[in-house]
Amino acid sequence: MGVFVVVSGLAALYGVAAGVLLPAAAYRFSVEPGEPWRARCPQGHPLGAPLGPARCRTGPVPHAYGRRALPPALLTGAVCGALGAAAGARPEAVAYVGLAPVLVLLALVDRAVHRLPDPLTLPLAAAACALLGAAALAPGAAGSWRLALLGGAALGGAYLVLHLVNPAGMGFGDVKLALSLGVALGWYGWGVWVTGAFLGLLYGALYGLALVLRGSATRDQGFAFGPFMAAGAFTGVLLGGFGA
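Okay, so the sequence shown: first residue is 1 according to UniProt numbering, each after it adds one.
No lab work stands behind these hints, which were simulated from the structure alone. A quick note: this is a predicted structure, and the numbers were derived from the prediction, not measured. Just to be clear, a hint being listed does not mean it is correct.
[As the list claims (entries may be wrong)] Taking CB as the label site, the calculated pair distances span:
1) Leu-51 - His-114: 20 to 26 Å
2) Thr-58 - Gly-191: 51 to 57 Å
3) Leu-51 - Leu-10: 40 to 46 Å
4) Leu-213 - Trp-190: 31 to 37 Å
5) Gly-191 - Arg-57: 47 to 53 Å
6) Val-3 - Pro-33: 41 to 47 Å
7) Gly-243 - Leu-164: 23 to 29 Å
8) Ala-205 - Gly-44: 38 to 44 Å
9) Pro-71 - Asp-118: 24 to 30 Å
10) Arg-38 - Pro-71: 25 to 31 Å
In this text, a Cβ means the ideal position worked out from N, Cα and C, and glycines have one as well.
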């Protein structure tokens with residue numbers, strides 16, 4: 001139990017530190033489809049570092065823009081802490097905890113502009129494959145790299161079918177995000193894969209139904225689905241990690 005507490009605490013601290021760096025990146029990537037990534041703050045000054053608080057120190061008066069740092073820091077810290085507790089001292093913890101801030105960033109951007117940028121989704125999928133592949137070579141791993149790769153291909157293929165059937169309801173960015181989520185879920189086996197994939201769809205469906213019942217949206221109106229995919233995969237990985 002002590003090891004799990006230590007790993008969870010360190011993971012949470014890492015998540016908080018990483019979350020503080022997300023607002024500047026979220027502002028840069030939160031643009032409508034077809035528009036270039038933001039290169040200037042709202043007052044027209046060139047953006048500085050790609051990571052960090054969304055605060056511009058150029059000009060006579062420093063000013064903040066975009067998101068505040070505290071909410072993403074707390075969210076990322078909670079996510080990383082929970083993943084650290086689930087994976088414990090097993091080598092896959094490095095992959096799950098290390099990549100979680102990127103997933104939080106994607107959720108923030110998708111919620112803001114209904115877009116999942118390729119510079120984030122595609123490297124995330126590659127990094128998930130590479131890090132879990134390295135974890136599979138280390139002693140104490142509780143999953144299968146082969147199943148992780150199959151899980152990524154299967155979930156990506158399933159979302160591709162949904163995109164082809166209904167492009168307006170399922171964006172191609174969701175398909176690319178599904179690759180990394182499928183890898184993360186497949187590591188712990190098909191039971192976890194099915195659970196995480198189903199919960200992502202369920203969370204999104206319940207949210208959409210709530211919007212319709214509340215009168216905030218019509219049946220045909222779209223919403224950001226990436227955060228619900230991520231939440232479903234997060235739940236599945238927690239169940240798989242604790243179960244292992």
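Here's how the hints hold up against the structure:
Distance hint for Leu-51 and His-114: a CB-CB separation of about 23 Å, consistent with the stated range 20 to 26 Å. Between Thr-58 and Gly-191, the C-beta spacing of about 52 Å keeps the proposed range 51 to 57 Å intact. Judged by the Cβ atoms, the range 40 to 46 Å given for Leu-51 and Leu-10 is violated: they are separated by roughly 20 Å. For the hinted restraint 31 to 37 Å between Leu-213 and Trp-190, the CB-CB distance of approximately 34 Å keeps it satisfied.
At about 50 Å, the CB distance of Gly-191 to Arg-57 agrees with the hint of 47 to 53 Å. A hinted range of 41 to 47 Å for the beta carbons of Val-3 and Pro-33 is consistent with their spacing of about 45 Å. Taken as a hint, the range 23 to 29 Å is violated for the pair Gly-243 and Leu-164, whose Cβ atoms sit roughly 34 Å apart. Here the CB-CB span from Ala-205 to Gly-44 is close to 42 Å, well matched to the stated 38 to 44 Å.
Take Pro-71 and Asp-118: their Cβ atoms lie about 26 Å apart, and the range 24 to 30 Å holds. Distance hint check: the CB atoms of Arg-38 and Pro-71 are about 20 Å apart, inconsistent with the given range 25 to 31 Å.
When each numbered hint is compared with the structure, violations occur for hints 3, 7, 10.
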